[in-house]
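All chains should be built: construct the whole structure from the sequences, respecting the hints.
Protein chains in written order, with the numbering used here: chain A, 1 to 307; chain B, 1 to 295.
Just so you know, these hints were derived from the structure itself, not from any lab.
Built from N, CA and C at the ideal position, the CB exists for glycine as well.
So the derived list for chain A, only partly shown, Cβ under 7 Å to chain B, looks like this:
hint : residue
1    : A26
2    : V145
3    : T239
4    : T250
5    : T265
Under the rule of at most 25 Å between Cα atoms (straight-line distance), these lysine to any residue pairs were calculated in the SDA-like manner:
hint : chain 1 : residue 1 : chain 2 : residue 2
6    : B       : K135      : A       : V289
7    : A       : K124      : B       : L28
8    : B       : K135      : A       : L10
9    : B       : K135      : A       : I19
10   : B       : K55       : B       : A40
11   : B       : K135      : A       : L98
12   : B       : K135      : A       : M12
13   : B       : K135      : A       : L71
14   : A       : K224      : A       : S213
15   : B       : K55       : B       : D70
16   : A       : K124      : B       : L275
17   : B       : K55       : B       : L80
18   : B       : K135      : A       : G263
19   : A       : K210      : A       : N225
Letter by letter, the chains look like this.
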Amino acid sequence: MLEFIAGRLLRMTVTLWVIVTAVFLATRATGNPIDFLMPEGLDAAGRRDMIAYFGLDRPLVEQYVLFWKALAQGEFGLGLMERRAVTTIFAERVTHSLSLLLATLAVTVAIGVPLGIMTAIRRKTFIGNAVLLAAFLGYAVPNFVLAILLLLVFSFTLGWLPSTGSATILHYLMPVAALSAFFVASLVRYTRNSMLDVLSQDYMRTARAKGLSERVVILKHGLKNALIPVITVLGLQVTTLVSGAVVIETVFAWHGVGDLLVGATLRRDYPVLQFGVLVVACTVVTINVMLDLLYSEIDPRVRLAKG
Amino acid sequence: MADTALTAPPIAAARHLRLPPIDPVLALCVAIGLALLLAACFAPLLAPFDPDQQKLLARLKPPVGFERSDWRYPLGTDQLGRDLLSRCLYGLRLSLLLAAFGALTGLLFGAVVGMIAGLLGGAVDGLIMGVCDVKLSLPFTLVALLVIAIAGSSVTVLVLVLGLAYWAHFARLIRAQVLGLRELPYIEAARAAGASGWRIATRHVLPNIVSPVIVMFTLNFSNLILLESALSFLGLGVQPPTATLGSMVGQGRDYMPSAPWIVAGPALLIVLVALTVMMLGDWLRDHFDVRLRDR
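Pasting the structure below:
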């Protein structure tokens with residue numbers, strides 16, 4: 001077990017190192033970011049000063065060392081647009097994004113798992129097929145189209161829900177719905193498949209033969225086993241969820257990290273973008289490793305197979 | 001095997017040749033897919049106007065069937081008086097092209113890398129799979145944002161970004177297939193006969209991994225359409241005035257309360273294209289994967 005954890009942590013460290021280095025190289029790959037940052041009509045001397053100020057005239061290796069030194073000291077520079085420390089800009093945004101993500105995750109599990117079980121048990125019934133069809137639609141409708149559709153109906157036509165902002169619970173309804181549709185759809189499909197696999201197992205027949213009620217058979221013997229691969233899939237979806245949130249936050253002017261990063265890309269605000277990519281990527285990688293360790297705790301087969 | 005085929009009664013042979021019954025949903029998907037493909041191919045012939053031509057006197061015309069509509073603009077016009085039918089056709093064309101080239105780029109790169117990893121093994125394999133792991137553990141939108149911020153947004157950059165999206169998936173699939181095949185007798189026989197690594201890769205391994213690759217290609221194609229439209233929607237894709245389906249939705253967004261038709265057409269098209277390709281991909285997967293047939 002220790003060896004397994006150590007292996008995972010080592011891989012995580014290597015991954016994080018690759019991410020940091022890739023971000024460093026990427027932001028310096030195409031000549032000088034200075035040209036995007038400076039006001040037009042800047043003279044050559046001013047440009048040289050700015051390059052020297054940001055340390056962009058030094059050798060790449062030296063810049064790399066400085067980059068790590070700054071990271072270690074928690075100095076990530078100032079946002080070019082707001083002229084404030086990127087860490088401060090982020091701190092203001094992070095809770096908004098987290099609350100959106102957690103709400104989406106909760107809704108996804110609360111709706112996806114029961115529907116998945118239902119479609120597995122009520123196979124080839126009208127309602128089962130209807131849910132599956134809806135799940136297929138949820139897969140194909142991109143989140144921003146769904147978001148716009150919701151806006152059109154509930155904000156502009158009916159006027160029931162606010163179109164932007166995140167102040168009240170009402171503000172959450174549309175973004176969470178638009179973001180979770182895809183994940184509910186995929187969770188329904190995975191839960192269904194996993195449940196179907198489990199339903200045909202010998203131990204299910206044994207449980208029924210013992211005279212247990214159908215409820216106990218399905219929930220205790222079936223679901224418990226079916227959920228292991230479902231949790232794995234949910235973990236893999238974290239990256240997709242973060243990607244989706246970037247788009248949804250932009251649509252609803254949600255004051256979160258995704259909205260910030262898109263803005264930073266459009267305005268080529270490198271310090272913000274660089275820091276954002278680093279933080280989000282590292283968080284996601286860490287979450288994935290944690291989940292990985294968690295499954296090996298739940299399901300010893302994982303540990304034996306991979307470790 | 002040959003013997004039984006020869007002695008089998010002719011009826012059985014005829015039954016074997018008969019086509020499977022046509023699934024109506026599949027037929028519909030194929031029909032819609034072909035129609036969309038033809039519309040995209042012949043967009044320059046079908047479009048009544050230049051998609052970027054602005055007519056300030058014909059701004060914000062609603063589609064046919066609504067008040068104030070004009071038969072010359074069946075789907076209406078946008079805020080600059082551009083004909084939406086023409087823009088939808090050209091947008092569809094560009095979106096499909098981008099997704100196709102993106103998927104091809106990813107496939108080519110993934111195939112080469114995956115074959116190398118699978119055939120060489122050892123440290124090279126470990127390195128390549130390590131890079132794949134890093135790629136798969138990142139939210140791809142972040143990578144896309146970074147690349148676009150640095151390289152700017154043009155058609156070439158966009159194809160590259162879309163190609164980057166799924167190469168690791170292809171590489172993993174192809175490596176796994178190659179590993180499965182590597183120990184099979186006929187590969188060994190080819191190697192014993194003195195065939196070069198290149199020849200084994202192209203003549204013996206590649207043809208045998210085509211079907212799962214086709215399935216993955218189709219499913220990724222629909223994902224790329226969604227990814228491209230999302231990037232264009234955010235204003236990070238092809239730059240205006242050139243239309244793609246995503247950018248039409250993105251730019252029409254501001255006019256939604258008063259002119260929802262600007263967004264409606266391209267949004268519906270995106271869903272239609274993605275749904276059709278996805279259904280086809282699903283069907284292909286079920287068709288090739290015998291284990292799933294009973295579901």
